[in-house]
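2 protein chains.
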Amino acid sequence: MAETIIRFGIIGCAEIARKVSRAIALASNATVTAIGSRSLDKATRFASANNFPPDAKIYGSYEAVLDDPDVDAVYLPLPTSLHIHWAVLAAQKKKHVLLGKPVALSAVEFDTIIEACESNGVQFMDGTMWMHHPRTAKMREFLSDKQHFGQLKSVHSCFTFGADRDFLVNDIRVKPDLDAHGALGDSGWYCIRSILWAVDYELPKTVIALRGPVFNEVGVILSCGASLSWEDGKVATFHCSFLSNLTMDVTAVGTKGTLHLHDFIIPFEEKEASFSAGSELAFNELVTGWVPLPSKHTIRTDLPQEALMVREFSRLVENIKAKGLNPEKKWPTISRKTQLLLDAVKASIERGFETVEVGN
Amino acid sequence: MAETIIRFGIIGCAEIARKVSRAIALASNATVTAIGSRSLDKATRFASANNFPPDAKIYGSYEAVLDDPDVDAVYLPLPTSLHIHWAVLAAQKKKHVLLGKPVALSAVEFDTIIEACESNGVQFMDGTMWMHHPRTAKMREFLSDKQHFGQLKSVHSCFTFGADRDFLVNDIRVKPDLDAHGALGDSGWYCIRSILWAVDYELPKTVIALRGPVFNEVGVILSCGASLSWEDGKVATFHCSFLSNLTMDVTAVGTKGTLHLHDFIIPFEEKEASFSAGSELAFNELVTGWVPLPSKHTIRTDLPQEALMVREFSRLVENIKAKGLNPEKKWPTISRKTQLLLDAVKASIERGFETVEVGN
Chain A
1 MAETIIRFGI IGCAEIARKV SRAIALASNA TVTAIGSRSL DKATRFASAN NFPPDAKIYG
61 SYEAVLDDPD VDAVYLPLPT SLHIHWAVLA AQKKKHVLLG KPVALSAVEF DTIIEACESN
121 GVQFMDGTMW MHHPRTAKMR EFLSDKQHFG QLKSVHSCFT FGADRDFLVN DIRVKPDLDA
181 HGALGDSGWY CIRSILWAVD YELPKTVIAL RGPVFNEVGV ILSCGASLSW EDGKVATFHC
241 SFLSNLTMDV TAVGTKGTLH LHDFIIPFEE KEASFSAGSE LAFNELVTGW VPLPSKHTIR
301 TDLPQEALMV REFSRLVENI KAKGLNPEKK WPTISRKTQL LLDAVKASIE RGFETVEVGN
Chain B
1 MAETIIRFGI IGCAEIARKV SRAIALASNA TVTAIGSRSL DKATRFASAN NFPPDAKIYG
61 SYEAVLDDPD VDAVYLPLPT SLHIHWAVLA AQKKKHVLLG KPVALSAVEF DTIIEACESN
121 GVQFMDGTMW MHHPRTAKMR EFLSDKQHFG QLKSVHSCFT FGADRDFLVN DIRVKPDLDA
181 HGALGDSGWY CIRSILWAVD YELPKTVIAL RGPVFNEVGV ILSCGASLSW EDGKVATFHC
241 SFLSNLTMDV TAVGTKGTLH LHDFIIPFEE KEASFSAGSE LAFNELVTGW VPLPSKHTIR
301 TDLPQEALMV REFSRLVENI KAKGLNPEKK WPTISRKTQL LLDAVKASIE RGFETVEVGN
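Residue numbers (full-length UniProt numbering), protein chains in the order written: chain A, 1 to 360; chain B, 1 to 360.
The set of hints was computed from the structure by calculation and includes no laboratory data. It should be emphasised that the depicted structure is a prediction, and the values quoted were computed from it without experimental measurement. We put the beta carbon where it would ideally sit given N, CA and C, even for glycine. Take the hints with a grain of salt, since some may be wrong.
Straight line, CA to CA, 27 Å or less: simulated DSSO-like cross-link-like pairs of lysine-lysine [to be verified]:
1) B:Lys296 x B:Lys271
2) B:Lys175 x B:Lys42
3) B:Lys146 x B:Lys256
4) A:Lys138 x A:Lys271
5) A:Lys93 x A:Lys330
6) B:Lys271 x B:Lys138
7) A:Lys330 x A:Lys146
8) A:Lys271 x B:Lys296
9) A:Lys329 x A:Lys93
10) A:Lys138 x B:Lys296
11) A:Lys146 x A:Lys296
12) A:Lys296 x B:Lys271
13) B:Lys256 x A:Lys175
14) B:Lys138 x B:Lys329
15) B:Lys337 x B:Lys138
16) A:Lys337 x A:Lys146
17) B:Lys337 x A:Lys256
18) B:Lys296 x A:Lys296
19) A:Lys296 x B:Lys138
If you want the footprint, here are the derived chain A segments under chain B, 3+ residues with CB under 8 Å [stated by the list, open to error]:
20) 17-23
21) 112-119
22) 150-158
23) 208-218
24) 237-247
25) 254-268
26) 277-288
Only chain A is shown next, with the shape it has when bound in the complex (with noise of 0.2 Å):
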C-alpha cells in the first residue's frame, strides 16, 4: 500500500522554520502545502528561499492556512505566549499539531492544548528532535541494560549557548510577553527532558531551583540551574543558560556503567552522532590507570534528526487518518512532563528556591 503523505502547513516564519520545512521536503511521507505569516511578503520569500514546492499556498494570515482542507497537519513554531491561542485552534481545525518547545506558559496552560487534541482527535508532538535520532534509541538501550549499566543513580545535563547582544535585545526568547521563561523555557526545556529521557520519565519527587540565577532587567530568565531529586535516591542536576560558551552535556551514571555525551540537542554532525559508554569501569592494579576504558559508539542515519521527527509525527497522522488509530498519547504526556518540571524550577526561584514538590 501507498504511504500516505500528509500535508504540513507552517504557521509563522520563525527561523526554526527553515529547518524544518527541509526536514518535512526530506521526509518521504510529508510535504509542505502551505505557510502563512502574517505579512504575504515574508510568506512568499520564505517559500522561495526555502525551495517550497511550486504548489504551495502561501497565506497572508495563520488563519487561512488552519482554513486550508488540503492541510492534514500543522507546524507551530510561534513564541511560547501565542500557543495556547494556535494550537487550540488548530486542533479544533482537526489540524494534527507539531509544536515548538517549551510547549506552554505552564502545565496547566499546556492541559488545555492537550484537552483540545484529544477531543479532536488530532495528534500531538512537541518538537524536541533529538529524541528521534537513532543515537537516543541506541542510548536507551544502554541505560535500560540492567547488566551493564545497572540502576540509574545521577544524571547532569547542561546546555548553554553565548547569544550575541542581538538576541539579548531582540530574540523573542528574553521577551517576557513573548517567550516569558527564557533560558529555562528554551534551553532549560532540552535539559529537563534529558533528564526526564534518562529516568525513563519518572518523575522526581522534589525540585529546587539553584541559587545563581541571571535575569534581564525585565525579569527574563538568562542563566538557571536545579537540583532534582527521587524517591528512590535518584539525583540530577542541570545548568542552562545563554550567556555561555555552547556546551550540551549529558552524563547519566549508573551502578554499572556510564554514559557521556556532548551534542545531546544538536549532534556536531548530520549523518552521524556518538555517545561514550563506559561498563564496569575501574583501576588498574595500582591504580595509575583504567581497565577498561569506556568506548565511543558511533550512529549513522540517512535522514537527519527533525526529519525522523517529522516522520515519525506524519506516521502517527496516518495512523489515524487511514487506519483509524487514536491519537499516540506517548509524547503529550512527555512534553507535559518536562513542562511540569519546567514549572517547578521557575516557581522553586519565585519562592527564593524553596523545594517544590512536584504534583501530577
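With chain A held as given, fit chain B onto it using these hints.
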C-alpha cells in the same frame, strides 16, 4: 650542582602507599629511606613487595620513623582522624609533610597542622596527585585565556566509583572513627578541589548541599552533592559517590570556551592524558551541526603524576634545606580552602540543606 635527594619515610602500609612508594622511586630527587608500621612484619613485607632500596630502614612503629635523623620528609597515608596527631608530631620532629586527603576532619583541625608546619619551618603538601600532571597546567592555560575561554561561568564535577561489598563494610572510608566524611571526604575532596582549581581558588560565597545524600547505617556519607555560588555570578555543582560506576568528570564553561575531561583524578593512561577544549563554538547556518567542533588535546608525560608530585614536593623541601628558602604557602592554602568547602557541605547536610556562607 648535584640535586639533593630528599629522603622519605612512609608512615603506614596503606594501599595508596604502594603507588607513592613507586612515585618516590621514580622521582630523581627523592628516595625511600624508611617505613614504619604498627606491625614490623607488615612493614617488612611492604618494603619487599614494593622494591624498597636494600638499605631502607624498617620500623615497627610510626614514632621510630619520625625519630630517624636520616628521614627528611614523611608521607602520611593514614585515616583522616589520625592526621592531626601524626602530621603535627611529624612537623614538630622537623619532618616535611606529604599528607593524604582529606587533610583533616575540619579546617579548624587543619589549622593546627598548618600552624605546626609553619612554626617548625617544614613544607606541607596534600596528596592530590592530579594537580601535578602537565595536563592540569595545560588546562589552566586554556581557562586563563580570556580570548579563547573568556570569563568562567559554571563548573560541574563528578567523581563516583562503585565500591564493592567488602569496601562498603570494611574500608576505612566508611568508618565514622577513621574517615568520618566518607564519600565527601574521599571523592568529594577531588570534586571540590577541581572546582576551586577551575575558579583559581576564589572561595564561593555560599554552599548548599543537594537533596538526596545517602548514608550508611552508622551515618557516614556514601553519596552526596552540592551547589556553590560566587559573588560575581559563577556557579558550580558536584556529585560524589561510592555507589555508582567509576566516573570522573570536570566541565568548565566560560563565556567563550568549554573544557571537558572524564579522567581528571587518574588519567585513563599513565603516559598521556587528554582533554577537550572548544572555543566560540556555534551552530552551522541551518542549525544542523556545529562549527567549529571542540578539539582534543593530548599531553604526554614521562613521569606519572604522582612522581611529579613527589618531585615538586622534594624540590620545595630542597629549597628549604639547601637554599634556606621558606616553605611554599601555596599548597597548604589550597588544602585549607578545599577543607573549608568540605566542611561547608557537611554543615549544610547536617542543617537540613541550609545555605552555608563560606567564611575564611
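Now the hints, each set against the structure:
1. B:Lys296 x B:Lys271: Answer holds: Lys296 (chain B) to Lys271 (chain B) is near 16 Å, not above 27 Å.
2. B:Lys175 x B:Lys42: holds (22 Å)
3. B:Lys146 x B:Lys256: Cα-Cα ~8 Å, so holds.
4. A:Lys138 x A:Lys271: With a Cα-Cα distance of about 15 Å, the restraint between Lys138 (chain A) and Lys271 (chain A) holds, given a limit of 27 Å.
5. A:Lys93 x A:Lys330: holds (22 Å)
6. B:Lys271 x B:Lys138: holds (15 Å)
7. A:Lys330 x A:Lys146: Measuring from Cα to Cα gives roughly 24 Å; hence the hint holds.
8. A:Lys271 x B:Lys296: holds (21 Å)
9. A:Lys329 x A:Lys93: holds (20 Å)
10. A:Lys138 x B:Lys296: holds (25 Å)
11. A:Lys146 x A:Lys296: Holds, because 19 Å separates the two Cα atoms, which is no more than 27 Å.
12. A:Lys296 x B:Lys271: Given pair Lys296 (chain A), Lys271 (chain B) holds - Cα atoms ~21 Å apart, limit 27 Å.
13. B:Lys256 x A:Lys175: Between Lys256 (chain B) and Lys175 (chain A) the Cα gap is close to 24 Å, so the pair holds against 27 Å.
14. B:Lys138 x B:Lys329: Holds, at roughly 22 Å.
15. B:Lys337 x B:Lys138: Between Lys337 (chain B) and Lys138 (chain B) the Cα gap is close to 23 Å, so the pair holds against 27 Å.
16. A:Lys337 x A:Lys146: It holds: about 25 Å lies between the C-alpha atoms, which stays within 27 Å.
17. B:Lys337 x A:Lys256: The hint is violated at about 33 Å.
18. B:Lys296 x A:Lys296: Holds, because 14 Å separates the two Cα atoms, which is no more than 27 Å.
19. A:Lys296 x B:Lys138: Since the Cα atoms of Lys296 (chain A) and Lys138 (chain B) sit roughly 25 Å apart, the hinted pair holds (cutoff 27 Å).
20. 17-23: Check passed, 3 qualifying residues.
21. 112-119: Answer violated; 0 residues pass the 8 Å Cβ test.
22. 150-158: The restraint on the segment 150-158 of chain A holds, since 5 of its residues have a Cβ under 8 Å from chain B and three suffice.
23. 208-218: Check passed, 5 qualifying residues.
24. 237-247: holds (count 8)
25. 254-268: holds (count 11)
26. 277-288: holds (count 9)
Hint compliance for this structure: hints 17 and 21 are not met, and every other hint is.
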